[in-house]
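*Asks:* Listed here are the chains, written in short residue letters.
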Amino acid sequence: MSTLTPDRKAELRRDRSPRKDRLLRGMRTPGGAVFILLLALLAAVIFVNPSFGEPGSLIRFIGRTAPIAIAAIGQYFVIVSGEFDLSMGSVVTAQVIIAGNLIGQDDAKVLPVLLLMLVFGALIGLINGLVTTLLKIPSFIVTLGMMLALLGLVLYWTGGAATGNPADTFRQIGRGGIENIPVLEILPYPVLILLAIAAGAFWLMRRPYGRTLIAVGDNARAAALTGARVWWIRTRAFILSSLAATVAGIILVGYAGVHPSVGRGYEFTAITAVVLGGVVLGGGRGWVLSAAAGAFALEMLFTLLNFAGVASTWRDTVQGIIIVAAVAAGARTWERRRRGASSATHDKQTPIAQPPAVGTNEGGK
Amino acid sequence: MKITSRLTSTHIVYLVVLLTVIAGTILVAAAGRSFFSAGNISSILTGTSVLGFIAIGQTLVILVGSLDLSVPYVVSLSSLLAAGIMANQPANILPGVLVALAVAAVIGLINGLVVSGLKVHGFVATLGTGLIISGYLATNYKGSSGQAPLSFRLVGATGLGPVPISTLIMLACAAVVLLVLDRTRLGHSMYAVGGDINVARMSGIRTSTPIIAAHIICSVLAGMAGLLLAARLGVGSPTIGSQGGYDLLSIAAVVLGGTLLAGGKGSLVGTLGGVLIFAMIDNIMSVLQINPFLKDVVRGIVIVAAVAVYAGRRVVSRTARFDDTPQETVSTRQEVGA
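Residue numbers (my numbering), protein chains in the order written: chain C, 1 to 365; chain Z, 1001 to 1338.
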């Protein structure tokens, strides 16, 4: 294979399908299909209510959905590594209440408490990760225990009632934005935070860490045999997940205020969004931005139901039908891909090396 | 080391039960009450019955490698259907019970078909059906409704000595399910499918039958739990199931009982031990009058700690799809690699 090394990049470029083909092929996977679903839903919403298509209200929708999309990105890291994080909702609640109780009306406390919240979030993730990987307890149980214990502690601390109202500068993170922008009127801070986190997550998944994370989720033993430190890779995924929940909590303080019910059920919504984004439970398959797109598709669906005049009590039912249908469709596609049917029949095959000469059994020179 | 390696996880579960009994005796005695009074034993056993029904079914579902998150909504739905049909008429008890259980069975059938036929992960499939039922409940019921007649309410209130009738029914169900698991072809197929669905199929097992059967039994038992709650409350309630958090608690009880979350290994007897541990801890905390929010903290820690007791021994990680050697070798390799 020494002939390949001099201009290996050119070889790789030659053997790659054109960008258009790769894009089309990506759209046929569940992770790509969610973007089409999102566009279809957007078209439907604009059809029902044309004013939704204005840039101003679209950007507000993105801002509203930002916390759940950020949570979905965090949950993605854990799910793609083959684990679950059920403690997410409790982390959101805990952070909201910490912000409410510790910041108060004192502007000077905003920054230290913000730092404390991030450290606290990372600590929760570290505990989840270490207990899961080192004590070898299923993450479902570990994070379930964390969910009960953390929520119980927070409610015990506050007596179960809503308390505190953080300073306005802190709430601005969730509610405010850069104003007086030509087309959009306002660019909410949550949108900027979401963009930064999505870009960071996208970059991280292309780094060695991201590649190893997916390898660990696909087959932990094989990853361990290739020298990956499985326990530390998974633990970092849990830390990322709790940090994402923390950021979601910070934004939610601005939107929803301080209340012990903020964040309830967030773990299941995040998992639903991730699964809708075509990420496979059990790990090893899926794209991080599809997880975020799954969150947007879910919220867009609720918006559509609202505009269509469906009673809000039916939301759950529609959500249930959608996720089962989406995952059933996704299971089919991944299964076909794994068998190789889709890539073998649809992709143009480019030989990397010359076919063996007639009469010899040496080829590829 | 020899002794511990001969202990199965079920033995360890009952050692933990014993430990909890000892701790309970000391703590309750310190509060000036008796742990073994007839009233207290009866209240512990009453606490086991509802979660017991659900955990028995959940054991089967987890054994075949699936999960059931729809149980709380099945519980609520069955309590509402039963109480609604009975409408305080003793003659309607039988139709009420039958309709509630039949609807539960249909939900289980749908779960099973979606999991085995459409190849949707049990987590998502049952989360989906749970949400569907939850939307139906929220739309059609604004609050408690229906009325259970007195003769039906007696099921939830009477007992033989300190043992409540409801616990006896639960134990009878457990015995039947245990018989199915240990003695019938269906039971053995459940273990086989949960252990490795591909190997099971190649061995000539119809892999969908055990999965569907496990889901139907699980939903019917959740329906029984709903009936029991309707008998206790006298009415049906749309939130009774989700308030109890029976989905996650039953899974925790099953795992506490030594069943592998990945399926294929585990025992029903262990699950009953897990349920008993939960019931005793709840009882001890009630007697000691611990703050209700701190109860959740204790529950959370106990779940993780109890599973940790034997997690080091039964080291098969949840996602290991190609596991054929003990995990110990992997962990030593990891240290070398690190």
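Please keep in mind that the hints were generated in silico from the structure rather than gathered at the bench. Among these hints, one or two may not hold up.
What the hints assert, rightly or not - For lysine to any residue, the following SDA-like pairs were computed, each having C-alpha atoms within a straight-line distance of at most 25 angstroms:
(1) Z:K1142 x C:S312
(2) Z:K1295 x C:G159
(3) Z:K1295 x C:S312
(4) C:K136 x Z:K1142
(5) C:K136 x Z:A1262
(6) Z:K1295 x C:H259
(7) C:K136 x Z:V1298
(8) Z:K1295 x C:R315
To be verified - Computed beta-carbon distance windows for the label pairs:
(9) Z:A1175 x C:N49: 55 to 61 angstroms
(10) Z:I1041 x C:F302: 45 to 51 angstroms
(11) Z:L1109 x C:W314: 19 to 25 angstroms
(12) Z:L1109 x C:A40: 29 to 35 angstroms
(13) Z:A1175 x C:G265: 33 to 39 angstroms
(14) Z:T1239 x C:G159: 19 to 25 angstroms
What the hints assert, rightly or not - Partial chain C-side listing against chain Z, Cβ under 10 angstroms, derived:
(15) P18
(16) R19
(17) F84
Built from N, CA and C at the ideal position, the CB exists for glycine as well.
*Asks:* Take the hints in turn and mark each one as holding or not.
*Replies:* Hint-by-hint comparison with the structure:
1. Z:K1142 x C:S312: Given pair K1142 (chain Z), S312 (chain C) holds - Cα atoms ~13 angstroms apart, limit 25 angstroms.
2. Z:K1295 x C:G159: holds (13 angstroms)
3. Z:K1295 x C:S312: Between K1295 (chain Z) and S312 (chain C) the Cα gap is close to 33 angstroms, so the pair fails against 25 angstroms, i.e. violated.
4. C:K136 x Z:K1142: violated (44 angstroms)
5. C:K136 x Z:A1262: holds (13 angstroms)
6. Z:K1295 x C:H259: holds (21 angstroms)
7. C:K136 x Z:V1298: Measuring from Cα to Cα gives roughly 21 angstroms; hence the hint holds.
8. Z:K1295 x C:R315: violated (32 angstroms)
9. Z:A1175 x C:N49: 55 to 61 angstroms: Once the Cβ atoms are compared, 58 angstroms apart, the range 55 to 61 angstroms for N49 (chain C) and A1175 (chain Z) holds.
10. Z:I1041 x C:F302: 45 to 51 angstroms: holds (49 angstroms)
11. Z:L1109 x C:W314: 19 to 25 angstroms: holds (23 angstroms)
12. Z:L1109 x C:A40: 29 to 35 angstroms: holds (32 angstroms)
13. Z:A1175 x C:G265: 33 to 39 angstroms: At roughly 37 angstroms between Cβ atoms, G265 (chain C) and A1175 (chain Z) fall inside 33 to 39 angstroms, so the hint holds.
14. Z:T1239 x C:G159: 19 to 25 angstroms: Since the Cβ atoms of T1239 (chain Z) and G159 (chain C) sit about 23 angstroms apart, the hinted range of 19 to 25 angstroms holds.
15. P18: violated (33 angstroms)
16. R19: violated (32 angstroms)
17. F84: Status holds, d = 8 angstroms.
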